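Participant: Below are the chains, spelled out letter by letter.
2 protein chains.
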Amino acid sequence: MAPSLHPTVDNGLTKGRENFAGGKLYCHCSNDKVEVTLAGDTLHSHLCGCSKCWRPEGSLFSMVAVIPKDNVKITANGQKLKIIDESAAIQRNACKECGVHMFGRIVNPHPFKGLDFVHTELSDEKGWQEPQFAAFVSSIIEAGHDPKDMDNVRSKLKDVGLETYDVLSPALMDLIATYTAQQAGKLPSKL
Amino acid sequence: MAPSLHPTVDNGLTKGRENFAGGKLYCHCSNDKVEVTLAGDTLHSHLCGCSKCWRPEGSLFSMVAVIPKDNVKITANGQKLKIIDESAAIQRNACKECGVHMFGRIVNPHPFKGLDFVHTELSDEKGWQEPQFAAFVSSIIEAGHDPKDMDNVRSKLKDVGLETYDVLSPALMDLIATYTAQQAGKLPSKL
Numbered sequence: 001m002a003p004s005l006h007p008t009v010d011n012g013l014t015k016g017r018e019n020f021a022g023g024k025l026y027c028h029c030s031n032d033k034v035e036v037t038l039a040g041d042t043l044h045s046h047l048c049g050c051s052k053c054w055r056p057e058g059s060l061f062s063m064v065a066v067i068p069k070d071n072v073k074i075t076a077n078g079q080k081l082k083i084i085d086e087s088a089a090i091q092r093n094a095c096k097e098c099g100v101h102m103f104g105r106i107v108n109p110h111p112f113k114g115l116d117f118v119h120t121e122l123s124d125e126k127g128w129q130e131p132q133f134a135a136f137v138s139s140i141i142e143a144g145h146d147p148k149d150m151d152n153v154r155s156k157l158k159d160v161g162l163e164t165y166d167v168l169s170p171a172l173m174d175l176i177a178t179y180t181a182q183q184a185g186k187l188p189s190k191l
Numbered sequence: 001m002a003p004s005l006h007p008t009v010d011n012g013l014t015k016g017r018e019n020f021a022g023g024k025l026y027c028h029c030s031n032d033k034v035e036v037t038l039a040g041d042t043l044h045s046h047l048c049g050c051s052k053c054w055r056p057e058g059s060l061f062s063m064v065a066v067i068p069k070d071n072v073k074i075t076a077n078g079q080k081l082k083i084i085d086e087s088a089a090i091q092r093n094a095c096k097e098c099g100v101h102m103f104g105r106i107v108n109p110h111p112f113k114g115l116d117f118v119h120t121e122l123s124d125e126k127g128w129q130e131p132q133f134a135a136f137v138s139s140i141i142e143a144g145h146d147p148k149d150m151d152n153v154r155s156k157l158k159d160v161g162l163e164t165y166d167v168l169s170p171a172l173m174d175l176i177a178t179y180t181a182q183q184a185g186k187l188p189s190k191l
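Chains as they are written, first to last, in the working numbering: chain A, 1 to 191; chain B, 1 to 191.
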């Protein structure tokens, strides 16, 4: 059986709903679930092949999106959260018991500071923004995926309408480069 | 006037010749030119937006390709060469007088070790492999290019038939990821 790329892709993409109002994310514990409430839809949802983010068991890709951090509130059992790596650019707040990442927050200067990283599949609600592209595709090889299968992986992603990138999308890469140029004084801080 | 992306693109792409036999590269000095002889055509020729490689004055992109290092010989005035940064992964051997990079060599373990990086526009011969894609496109912003011009830049590149990437091409990214996985023991050393 072919491995799962991600449940969102394996069964075909379902579009999100416009003006979706957000909802709650739950960790995978059977009791005393950590609950995080998102006050609105997410942005820049995408599949990601990097190995750092939480993903469903057996999936080659994670699905991750961002949301302004003021729209993210821990609404139950926050005492079960711990930061996996305080030194990482994105501080992933995971449930100590089931290991699911509830949100990733950036605390140091970074082009995406102010945006939290979340996995909307942890919600029972339907209507979240669907993935817009697939990022860091070649990185699944680094976790041991067979390089000979990559044409197949990229084809499947494109078949469901996801453009594939080995970094982030051009729009996001341009944002990062602009931030870098501004920090280095190569571009004015106001554009 | 719009800035030059690169002379190869500004005037439209000219295809290389099959079984092209190679030729000589010359630095830009008027006298005692450094001469490097390439015994064969190059591979993976591409435009590159990173800021490290030599490019013609006024070009937003460099054009760079690889060739097995055994096919690269310094055939005149090698005493004028110096390595720009011994600690860089690619040791760029440049003419001390005119500054042109004659070849870049990898001496430490690296997925592309054994391949030298060269700029075939330094040759008078016609027939070198034409660029196959454009790499590190978003990086031109880091050097101060206006982010608002990026749609235009990517369109122009695509118009002449060059796919655009913000890292290397998928084939090369897969090679790098495979090497990384092998080094980390995630994939067998022989595939």
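Where hints are given, some of them may not hold.
Covered by chain B, per the in silico footprint, the following chain A stretches (three or more residues, Cβ under 8 Å) [to be verified]:
1. 158 to 166
2. 177 to 188
Heads up, simulated DSBU-like pairs for lysine-lysine below, C-alpha to C-alpha not over 30 Å straight-line [stated by the list, open to error]:
3. Lys96/B - Lys156/A
4. Lys15/B - Lys52/A
5. Lys158/B - Lys186/A
6. Lys190/A - Lys156/B
7. Lys190/A - Lys148/B
8. Lys69/B - Lys148/A
9. Lys186/A - Lys156/B
10. Lys186/B - Lys82/A
11. Lys158/A - Lys158/B
12. Lys113/A - Lys148/A
13. Lys82/B - Lys156/A
14. Lys190/A - Lys113/A
15. Lys156/A - Lys156/B
16. Lys158/A - Lys96/B
17. Lys52/B - Lys190/A
18. Lys148/B - Lys148/A
19. Lys158/A - Lys15/B
20. Lys186/A - Lys96/B
21. Lys24/B - Lys82/B
22. Lys190/B - Lys148/A
23. Lys186/A - Lys52/B
24. Lys69/B - Lys96/A
25. Lys15/B - Lys113/A
26. Lys69/A - Lys148/B
27. Lys148/A - Lys113/B
28. Lys15/A - Lys186/B
29. Lys148/B - Lys113/A
30. Lys52/B - Lys148/B
31. Lys24/B - Lys148/B
32. Lys24/B - Lys158/A
33. Lys52/A - Lys82/B
34. Lys186/A - Lys126/B
35. Lys148/A - Lys186/B
Keep in mind that the hints were calculated from the coordinates and are not lab data.
All values derive from a computational prediction rather than experimental measurement.
No residue lacks a Cβ here, since even glycine has one placed at the ideal position from N, Cα and C.
Participant: What hint numbers does the structure not satisfy?
Facilitator: Of the numbered hints, 3, 4, 12, 13, 16, 18, 24, 25, 28, 31, 32, 33, 34 do not hold.
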